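Engineer: In order, the protein sequence lines correspond to chains A and B.
Heads up: the first sequence runs through residues 1 to 430, numbered per this note's numbering.
Heads up: the second sequence runs through residues 1001 to 1430, numbered per this note's numbering.
Honestly, the hints are just simulated from the structure, not real lab data.
Be aware that a few hints might be false.
Stated by the list, open to error - Listing some non-contacts, in silico: residues in chain A with all C-beta distances to chain B over 10 Å:
| hint | residue |
| --- | --- |
| 1 | THR25 |
| 2 | ALA42 |
| 3 | GLY83 |
| 4 | THR90 |
| 5 | ASP177 |
| 6 | GLU192 |
| 7 | GLU200 |
| 8 | GLU260 |
| 9 | ILE318 |
| 10 | LEU381 |
Claimed, not checked - So the derived list for chain B, only partly shown, Cβ under 10 Å to chain A, looks like this:
| hint | residue |
| --- | --- |
| 11 | ALA1034 |
| 12 | ILE1138 |
| 13 | SER1294 |
This structure is a prediction, so every number in the text was calculated from the model and none was measured.
Here a beta-carbon is modelled for each residue, glycine too, at the ideal position from N, C-alpha and C.
2 protein chains.
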Amino acid sequence: MAEPLRIALAGLGTVGAGLVRLFETNGALIESRAGRPVRIVAVSARDRSKDRGVDLSPYVWEDDMTALAEREDVDVVVELVGGADGPALTTARNALRAGKALVTANKAMIAHHGMELAELAESQGIALKFEAAVAGGIPVIKGLREGAAANRIERIYGILNGTCNYILSTMEQTGRDFGEVLAEAQALGYAEADPTFDVEGIDAAHKLAILAAIAFGARIDFPAVDIGGIGRVRAADIAQAEALGYRIRLLGIADCDEGEGLFQRVQPCLVPHGHPLAAVDGPTNAVVAEGNFSGRLLFQGAGAGDGPTASAVAADIIDIARGDIGAPFSVPAAALAVRAPADAGHRTSRTYLRFTVTDRPGVLAEITAAMRDAQVSIESLIQHGRPEEGGEVLVAMVAHEGPEARIAEALRLLEGSPSLTEPPLIMRLL
Amino acid sequence: MAEPLRIALAGLGTVGAGLVRLFETNGALIESRAGRPVRIVAVSARDRSKDRGVDLSPYVWEDDMTALAEREDVDVVVELVGGADGPALTTARNALRAGKALVTANKAMIAHHGMELAELAESQGIALKFEAAVAGGIPVIKGLREGAAANRIERIYGILNGTCNYILSTMEQTGRDFGEVLAEAQALGYAEADPTFDVEGIDAAHKLAILAAIAFGARIDFPAVDIGGIGRVRAADIAQAEALGYRIRLLGIADCDEGEGLFQRVQPCLVPHGHPLAAVDGPTNAVVAEGNFSGRLLFQGAGAGDGPTASAVAADIIDIARGDIGAPFSVPAAALAVRAPADAGHRTSRTYLRFTVTDRPGVLAEITAAMRDAQVSIESLIQHGRPEEGGEVLVAMVAHEGPEARIAEALRLLEGSPSLTEPPLIMRLL
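Bound-form chain A, shown alone:
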C-alpha cells in the first residue's frame, strides 16, 4: 500500500464537521477507492471549545490556521472557512506556495481569485480542486472537466442556489408571498439570517462564473455576470406563469461565441412544465450542459448541506490521492481565453413583463403604446382585475420572441411614468 495522503482541515463549520464525520464513517471505503490511506492529521478553527458533534482528539489542533500550510506532515490543505478574502484566501495562498494541494468549497474565493490560485497551483505542479464550490454534492465540475471533456459546450445553465429554489417552489406550492416564505426558510435553516447573497443572485453568480470558465475555456469574469435576484417575484407572478404553463426558477445561464463574447446571467426565468428544471423543487440544484456531441446532460442533486458538500470535498481528496493533478479549469490557466462580455441587446427571447400600476384609465394604453413604439410585439396580455393592497393593479404580458434591446427600449420609454408604482419585473422564458 502506498504512502498515506495527509489532510489538514481549515474551518470546522457545518461542512468541516461533516467532512470529519464522513472520514469517520466511510474511512475504509475511501482508502480502498483511493488506493492508499487518507487521513486527517491536523485541524484548525476559530473556537477550539465549541462542540461540533465530532471527536477532534485524534487530530493536531492548530490555533493559527495559517500554520497548517507549514506543517511537514501535511500533503493537502482543505479550506472550508468561506469568504472571498481574509483568512480563507491567506490559507489558500500559503498552502499552494508551500507546495500543498488545495481543496476548497469556497465559491466566492474561486470566483474572485480562481485565476491567481490556478496559476499558483500549476506553477507548483500541484492540485487545486473545488468541486464542492458549485452545486454542493453534485459532481458537475468533474462532469464538465471529464465526462463532457470531448465536447464544445454550447450552453450551460441551471438552478445553482438551493435557498432561492426552496423559496420559489414553496411560493408555488402554497401561494404565499416572498417575504413570508423567506422568513420560514430562515427559521428552517434553508436561508441565512442575512439572505442577501442568496436571494439577490450573487451566490448563483459565483457558481455560474466558475462553470462558465470551465465549460468555455475562458478566464473567470465574475464582475461581468448580469445578476438579478428573486426578491421582486410575487405570488401573482407565479400564478400567472403557472397559467401560461411555466414555473419560475432562478437560473444561471452562460454561453460563449468567439464573435459575440461570453454571456453570463443570473435571473428568475419562466421554465416550461415539460423541462426537467421545472420539476426541481426545494433546495435541490440541477445543471444542464449542452455539448455539441453529448447533447443535453443533466446533473441533479443536493445543492448544499453538510453531507453532500463534504461528499464533494472528499471526492476531490480521493482524486488527489489517485494522482490526479490536472488543470483546475480543465485547460492550463495560461491557455484560458480572455472573452469580452457579450452584448445582450441583440439576443432574442420571449419575455414576461409585469407592471404594477395605479388603478386609473389610460395606463394600459400608455404601456401598450410604449411597446408599439419600441417594436415589441405582445403575444398575450393579462390585466389582473382586482387591485392588490394599496390600490395597485398588476398587468402581466408575454412579448413575442424578439431582441432584448427592444424590451429595454420600451422600459426606457416608460421610465419615470407616474402610472408605474415600481419598476417593471422582466423575466425571460427558457
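Starting from the known structure of chain A, fit chain B onto it as the hints suggest.
Structural biologist: Chain B alone, transformed into the frame defined by chain A:
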C-alpha cells in the same frame, strides 16, 4: 507538448463513424483539454467499401481487426464492434495482452467478461474504460468512480434503455398498444429489427450489472439479475397507473447489503409523478445513485445515438491521455467482493397486479381469496367493466406494502386457474 496518444479504432458502425467525426470536429479542443495531441492512426471494420459519411483516408486501414493490437504505433484500442464474444472479445484481449489500453462501448462484453478484462488490464498496469457502455453519453460511471467516490452507495436505479423508455412514454402519450408503438419505433430507428435485447430487459440488465459492481464494490454477476421486459405492458396498465398518479418505466434497480447480498432487478415499475424519473420521456436515460453522504444524485441525458456515445468514448480517451489508469471498477478487481444474490422474498414493496380473466361470475372471488390466503392486503382494486378483445376482462389492483414472498404465494395459488387467460403482470411501485 507531450507525445501524442495514438488510437486504433475497431468497428466503424454508427458510433465508430461518430467518433471519427467527433475527432474531426473537436480535435483541437480535445488536444487542449487532454494536454497532448490525440490522433486516430488506424481503423478496421468488416467492409472497407461502405460509405460511412466520414473521410477515412488519413488512417491506416487494417482488414484484420486483430492486427490493430499488434501495431507498434498504437497506444489505445477502441472496440466498437459489439457482441459479448467473437471479434470484440478477441480484439479486447489482444489489445490488453499487447499492453494497449482498451476503451469500449460494449456493455454485453463487460457484463460477461468484465472481471477477466479488468484483471488483465490491471496486471498490465494499463487502462480499461467503458463509460459508453452504460447510459450512452451520460458520464455515470465517472460519476460513481469519482464524483460519488467518498460515499457508500445505498441504492442505484434508473432508466437504462432508451428504446423501452421511448415505447413506454409514447404508449403513455398516445394511448396506443405495445405492438403498434414498437413497429413505429423500429421504423424510426429507435428499435432494432430484432428488439429482443431491448424490450426483454437484457440490455438494461447488462448495464445494471456493470453499475452495481462499481457502486457496491462487488464482482459483476450478470446471471443473477432478475430480468423482466416491457412486452406485456398494455395501454390499459398505463392508463390505470396514470389514474393512480404513476407512470410506468422500465427500471434497473440494485442494492447491496453485506448480510442480504446483492439485489439486481430489471422490471417495469410504477414511478410516482413527482419523482424525476417519471418526467423522463423518449429515448432519454437517467440514473439515480443514493450515497450515504451525497444523498440522491441524478444523471440524465441521451442513452444512445452516435454523438452521445462517441462523446463518452472520447471522454475515456481523454482520461487516458491525462494519465488516468485507475482501476476499471473503482477498486482493484481482486478487491471486489463476491456477493451472493439477495433473496427477494422478504423485500417489501407496494405492488401492482393485473389479471386478465374470462368474463364470468366468481373470478373476482377466486382472485381475492388467493390474496387473502397468501396474506396479501389489497389497497385498491379496479375491475375494468368493458371486456377487451376476445371477451377477456382486466382486473388491476394495488397491494399494500408487504413481503414479495406473499405476492409470489398468491400467484402460486392462482397458477393453472382456468379463470386466468394469461399469467398475471406484476409491477412494483417505486
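Engineer: Holds or violated: is the Cβ of THR90 of chain A farther than 10 Å from all Cβ atoms of chain B?
Structural biologist: holds (27 Å)
Engineer: Taking the closest Cβ pair, is ILE1138 of chain B under 10 Å from chain A?
Structural biologist: At 6 Å from the nearest chain A Cβ, ILE1138 of chain B passes the 10 Å test, so the hint holds.
Engineer: According to the definition I'm using, a residue is off the interface if its beta carbon is farther than 10 Å from all beta carbons of the partner; does GLU192 of chain A meet that for chain B?
Structural biologist: holds (21 Å)
Engineer: Is the Cβ of LEU381 of chain A farther than 10 Å from every Cβ of chain B?
Structural biologist: Check passes; 31 Å lies beyond 10 Å.
Engineer: Does the claim that ASP177 of chain A lies outside the interface with chain B hold up, using a Cβ gap greater than 10 Å?
Structural biologist: holds (24 Å)
Engineer: Just double-check GLU260 of chain A for me: nearest Cβ-Cβ distance to chain B has to come out over 10 Å.
Structural biologist: holds (18 Å)
Engineer: For ALA42 of chain A, is the shortest CB-to-CB distance to chain B above 10 Å, so the non-interface label stands?
Structural biologist: Fine: 20 Å to the nearest Cβ keeps ALA42 of chain A off the interface.
Engineer: Hint SER1294 of chain B vs chain A: min CB-CB distance below 10 Å?
Structural biologist: OK, holds: SER1294 of chain B within 10 Å of chain A, min 4 Å.
Engineer: Holds or violated: is the Cβ of ALA1034 of chain B closer than 10 Å to a Cβ in chain A?
Structural biologist: holds (8 Å)
Engineer: Could you let me know if the closest chain B CB is still more than 10 Å away from the CB of GLY83 of chain A?
Structural biologist: holds (24 Å)
Engineer: Checking the smallest CB distance to chain B, is ILE318 of chain A really beyond 10 Å?
Structural biologist: The assertion about ILE318 of chain A is violated, with a minimum of 4 Å to chain B.
Engineer: Is it correct that the beta-carbon of GLU200 of chain A has no partner in chain B closer than or equal to 10 Å?
Structural biologist: At about 27 Å from chain B, GLU200 of chain A clears the 10 Å cut-off, so the statement holds.
When each numbered hint is compared with the structure, violations occur for hints 1 and 9.
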